[in-house]
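Protein chains in written order, with numbering that gives the first Met the number 0: chain C, 0 to 499; chain S, 0 to 335.
Keep in mind that the hints are not guaranteed to be accurate.
Stated by the list, open to error - The following residues of chain C were derived to be distant from chain S, with all beta-carbon distances above 10 Å: (1) R21; (2) G59; (3) A188; (4) I232; (5) F246; (6) R262; (7) G351; (8) V372; (9) R374; (10) L495; (11) G499.
Said to hold, decoys possible - Distance windows between CB atoms, simulated: (12) C:K344 / S:K222: 53 to 61 Å; (13) S:R199 / C:G247: 16 to 24 Å; (14) S:R327 / C:G29: 17 to 25 Å; (15) S:R327 / C:D365: 33 to 41 Å; (16) S:A311 / C:P14: 33 to 41 Å; (17) C:P14 / S:A45: 32 to 40 Å.
Just so you know, these hints were derived from the structure itself, not from any lab. Computed from a predicted structure; not experimentally measured. By construction, the Cβ of each residue, glycine as well, lies at the ideal position given by its N, Cα and C atoms.
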Amino acid sequence: MTPFLEMHGISKTFPGVKALNRVDLTLRAGEVHVIAGENGAGKSTLMKIMTGVLRADPGGVIRIEGKDTVIKDPVHARALGISIIYQELAVVNNLTVAENVFLAREPIGPLGLLDKRRMADETRAVLSELEVAIDPSAKVGQLSIGQRQLVEIARAISYRSKLIIMDEPTASLSHHEASTLIRMVRKLASQGIGIVFISHKLDEIFEIADRVSVLRDGETVDSRPIAEMTRDILVRKMVDRDLSQLFGEHHSHATDEVLLSVRALGEKHHGQIGVKVSDVSFDLHRGEILGFFGLVGAGRTEVMEMIFGSRPHVGEVHIGGQKVKISNPSEAIAHGLGFVTEDRKELGLVLGMSVRENFSLTHLSDYCTLDVVSRPRETAACMEFVRSLGIKTPSTEQKVLNLSGGNQQKVVIAKWVARRPRILIVDEPTRGIDIGAKAEVHALLNKLAEEGISIIVVSSDLPEILAISDRVIVLKEGRISGQIDRADATQERVMLAATG
Amino acid sequence: MAISGEEVARSEMRRIGILRNLLQLRHIREVNVLVALLIMGAIISAFTPYFLTVDNLMGVSRAFSLTAIMSIGMVMVIITGGIDLSVGSAMGLAGLVTALCFDAGYSQSICVAAGICVGLMFGLANGLLITVIGLPPFIATLGTLSIGRGFMYMITHGVPVTPKTPDSFSMLGQGYIGPVPVPVVILLVLTVVFSLIMVRTRFGRHIYATGGNEHAARLSGVKTNRVKLAVYVLSSTISSLAGVIAFSRYLSAEPASGFGSELDVIAAAAIGGASLAGGIGSVTGAVIGAALVGEISNGIVLLNINTYAQQAITGGVILIAVSLDVLRNRLKGGNV
Ligand SMILES: Nc1ncnc2c1ncn2[C@@H]1O[C@H](COP(=O)(O)OP(=O)(O)OP(=O)(O)O)[C@@H](O)[C@H]1O
Ligand SMILES: [Mg+2]
Chain C
0 MTPFLEMHGI SKTFPGVKAL NRVDLTLRAG EVHVIAGENG AGKSTLMKIM
50 TGVLRADPGG VIRIEGKDTV IKDPVHARAL GISIIYQELA VVNNLTVAEN
100 VFLAREPIGP LGLLDKRRMA DETRAVLSEL EVAIDPSAKV GQLSIGQRQL
150 VEIARAISYR SKLIIMDEPT ASLSHHEAST LIRMVRKLAS QGIGIVFISH
200 KLDEIFEIAD RVSVLRDGET VDSRPIAEMT RDILVRKMVD RDLSQLFGEH
250 HSHATDEVLL SVRALGEKHH GQIGVKVSDV SFDLHRGEIL GFFGLVGAGR
300 TEVMEMIFGS RPHVGEVHIG GQKVKISNPS EAIAHGLGFV TEDRKELGLV
350 LGMSVRENFS LTHLSDYCTL DVVSRPRETA ACMEFVRSLG IKTPSTEQKV
400 LNLSGGNQQK VVIAKWVARR PRILIVDEPT RGIDIGAKAE VHALLNKLAE
450 EGISIIVVSS DLPEILAISD RVIVLKEGRI SGQIDRADAT QERVMLAATG
Chain S
0 MAISGEEVAR SEMRRIGILR NLLQLRHIRE VNVLVALLIM GAIISAFTPY
50 FLTVDNLMGV SRAFSLTAIM SIGMVMVIIT GGIDLSVGSA MGLAGLVTAL
100 CFDAGYSQSI CVAAGICVGL MFGLANGLLI TVIGLPPFIA TLGTLSIGRG
150 FMYMITHGVP VTPKTPDSFS MLGQGYIGPV PVPVVILLVL TVVFSLIMVR
200 TRFGRHIYAT GGNEHAARLS GVKTNRVKLA VYVLSSTISS LAGVIAFSRY
250 LSAEPASGFG SELDVIAAAA IGGASLAGGI GSVTGAVIGA ALVGEISNGI
300 VLLNINTYAQ QAITGGVILI AVSLDVLRNR LKGGNV
């Protein structure tokens with residue numbers, strides 16, 4: 000049987016970057032094809048070529064159902080049966096589920112008006128086919144991230160797509176939502192739809208894939224059925240190191256000295272939308288890595304935002320034994336706090352600025368004499384972090400907009416670590432970054448702790464929390480539901496505290 | 000003489016290096032407008048040699064210098080993602096207050112200071128309405144635009160104010176330093192100072208960051224409200240300086256002075272590559288943008304084209320300049 004889509008010798012050059020170099024890829028109907036590779040390996044770029052968002056350099060061939068095809072633009076790609084669910088969600092929050100599913104191809108009734116009934120009915124049919132309980136008339140903005148993703152999948156299905164591309168779809172999903180998605184993907188494949196699935200999570204890759212292809216520096220370095228693949232081979236192909244070398248052992252550097260102590264922290268405005276955080280109290284020691292676990296929506300990010308002064312709150316915060324009042328981020332920073340935010344595009348980065356300018360924004364005065372910035376000093380410091388974190392960029396002058404998702408995340412980490420805070424809060428620090436970089440981030444956090452910096456790690460990745468924390472605090476519905484020491488922290492105990 | 004492969008490689012590298020630098024020059028946004036300015040100048044002087052005389056060029060520069068001065072403040076506001084519609088009112092009212100002070104017999108320095116204070120008040124009002132109350136910049140400055148305009152009519156009853164002024168004051172708008180008119184000298188000084196501020200200082204960086212992503216900037220510790228307050232105060236103050244210069248030039252404060260000039264000023268910034276979405280733009284770009292518009296008006300006069308066509312031609316230039324910029328960026332990004 001001819002494969003649905005074949006690519007031969009696909010290259011893509013950006014100014015200063017060869018993102019893809021003569022890539023070959025074959026995608027078959029009914030097959031879940033995982034594309035793995037380091038940050039910046041070219042995965043998203045390859046997908047953008049398949050969906051007509053980017054044009055490949057001349058010389059390559061794309062064949063769809065055996066016919067040479069030039070994919071002109073996203074609309075054309077969709078007509079050819081190719082849909083994509085982006086790394087960043089692309090739904091319109093203030094429209095309803097049905098309106099999103101039918102966006103830009105709304106059915107028109109006899110009077111030239113929108114045929115709302117038909118939109119709702121067909122959306123309901125697709126959703127029930129997916130066996131998910133989402134109301135077609137709900138506003139998308141009110142849904143969880145996971146549900147929004149399902150809406151995108153419903154949209155892709157209702158186009159009668161033959162190939163659905165998912166670029167890191169589980170990066171921002173809770174564990175539960177991710178397993179729902181994985182079940183869904185297997186089901187779609189069994190109905191004959193081809194799936195391309197990009198992921199950095201090893202467990203997930205082995206759970207979902209029929210075939211795995213590995214990209215490295217824009218080239219296909221491996222492609223084989225999952226049955227012939229092992230974790231060791233996969234990691235070595237991706238990052239050229241052995242899995243066992245990647246993650247070091249954990250050493251605690253926690254001291255007895257309490258650096259940050261939080262008492263009865265809670266939401267200020269009652270009846271505010273979202274969870275109601277209340278009565279959160281805990282201590283953080285110098286040099287300690289404190290893990291914050293909880294299901295998505297448990298209020299972890301909210302607690303961190305309150306401590307950082309970007310969300311109104313009641314309760315007391317003491318730093319180094321002194322009561323402090325923090326009502327905005329710059330006061331928090333003045334007290335030695337740093338905050339690696341969860342959402343890098345919205346909160347972490349100024350996308351139109353260069354790597355250098357983003358990097359130094361938190362601590363620009365370090366490079367200033369009388370408010371005048373010394374460009375050479377700034378660049379040198381930035382270069383050092385680019386090198387030590389392995390940020391893949393042609394230069395420090397590249398706009399972060401043009402960096403791959405994982406490399407953007409590394410820039411956010413760099414800009415805070417370079418400030419040398421006393422207390423560093425990191426919210427989902429390894430979301431979307433490859434396994435090699437994840438190991439580097441863990442090593443970095445350990446090193447910072449060793450230097451006496453106290454760290455709070457918020458993560459939905461339970462193995463990650465268990466691997467790096469000296470102690471775990473579990474949050475459930477805005478309250479602390481467990482404090483577990485490293486020695487006693489097992490997957491089961493932590494999960495039980497989060498859900499039970 | 001045989002040259003070693005290594006040397007060839009090295010000289011090749013050097014050539015690529017130079018080439019890359021040249022290419023990077025092309026990436027600087029101002030170069031676009033600068034090239035447009037030169038091409039337009041070449042076209043006009045092909046028709047009339049008088050264009051390229053020192054006399055004419057200085058006259059043109061003086062004519063656009065006020066718009067250009069105001070565009071320096073405007074472009075900073077635009078880069079933070081805002082807009083300042085009240086610049087024309089600040090300019091007009093500043094000139095008027097200066098005139099009234101002369102009329103009342105105050106000394107020259109007090110009269111000038113009073114004019115500048117008008118700008119400060121406008122800036123504080125705009126900045127506080129935007130940062131404390133949270134009004135959208137368009138609405139806040141539209142309001143102060145109308146209030147300023149209203150005051151001017153109330154004070155003058157539609158009659159120009161023409162006080163006696165000392166000769167030293169009229170230097171400001173009418174004088175020359177060598178062959179260069181004083182307003183042009185002021186423009187050049189302000190351009191250099193504010194370019195350096197924008198490119199080299201922490202304050203400048205914070206302006207770009209605020210417009211690029213206000214939320215991320217605030218979380219990084221940038222005091223975004225202070226940055227915004229500062230740019231509105233600077234914009235109005237610079238405009239009031241332009242108002243004082245304008246009064247010094249004509250020695251008559253017209254009730255309609257500055258009327259509608261906000262559009263020319265915004266146009267200059269936009270032609271110079273500033274994005275109204277914020278985060279992008281430059282002081283030199285805005286000044287060259289103002290120069291381009293000034294050059295075109297001069298060309299229209301010199302070539303005896305119907306002066307009523309001027310507005311239409313200027314509008315066309317804005318659209319062409321900004322479209323080219325957008326298209327060029329799209330090509331560079333490679334995104335469809
Ligand atoms: N518009 C662009 N301009 C310049 N360079 C770009 C552009 N888009 C991508 N790149 C570069 O191309 C390379 C491949 O990027 P891509 O986004 O495909 O990586 P990825 O494999 O998806 O990485 P990640 O796992 O981090 O998402 C990167 O080095 C990136 O910086
Ligand atoms: Mg990607």
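The output says C:V372 does not contact chain S. Does that hold with a beta carbon cutoff of 10 Å? Given that some Cβ of chain S is not farther than 10 Å from that of C:V372, nearest at about 6 Å, it is violated.
Was C:G499 rightly flagged as not at the interface, with every chain S Cβ beyond 10 Å? The claim stands: C:G499 keeps its Cβ more than 10 Å from every Cβ of chain S (closest is about 34 Å).
Looking at C:L495 again, its CB stays over 10 Å from all of chain S? Non-interface label stands for C:L495: nearest chain S Cβ at 34 Å, farther than 10 Å.
Using Cβ atoms and 10 Å as the threshold, tell me whether C:R262 really stays out of contact range of chain S. holds, 24 Å
Are all beta-carbon distances from C:R374 to chain S longer than 10 Å? Given a closest Cβ separation of 8 Å, the condition is violated.
C-beta pair C:K344, S:K222: status relative to the range 53 to 61 Å that was hinted: violated, 22 Å
A range of 33 to 41 Å was offered for this pair. Does it hold for the Cβ distance of S:A311 and C:P14? At roughly 38 Å between Cβ atoms, C:P14 and S:A311 fall inside 33 to 41 Å, so the hint holds.
At 10 Å, judged by beta carbons, does C:F246 keep clear of chain S as stated? holds, 30 Å
Taking 17 to 25 Å as the hint, is the beta-carbon distance of S:R327 and C:G29 inside that range? violated, 45 Å
Please check whether the beta-carbon of C:R21 is more than 10 Å away from every beta-carbon in chain S. Since the minimum Cβ distance to chain S is about 18 Å, C:R21 lies beyond 10 Å and the statement holds.
Outcome of range test on Cβ distance (S:R327, C:D365; 33 to 41 Å): At roughly 35 Å between Cβ atoms, C:D365 and S:R327 fall inside 33 to 41 Å, so the hint holds.
Distance restraint evaluation - C:P14, S:A45, Cβ atoms, bounds 32 to 40 Å: holds, 36 Å
Checked against the numbered hints listed earlier, the structure breaks hints 7, 8, 9, 12, 13 and 14; every other hint is satisfied.
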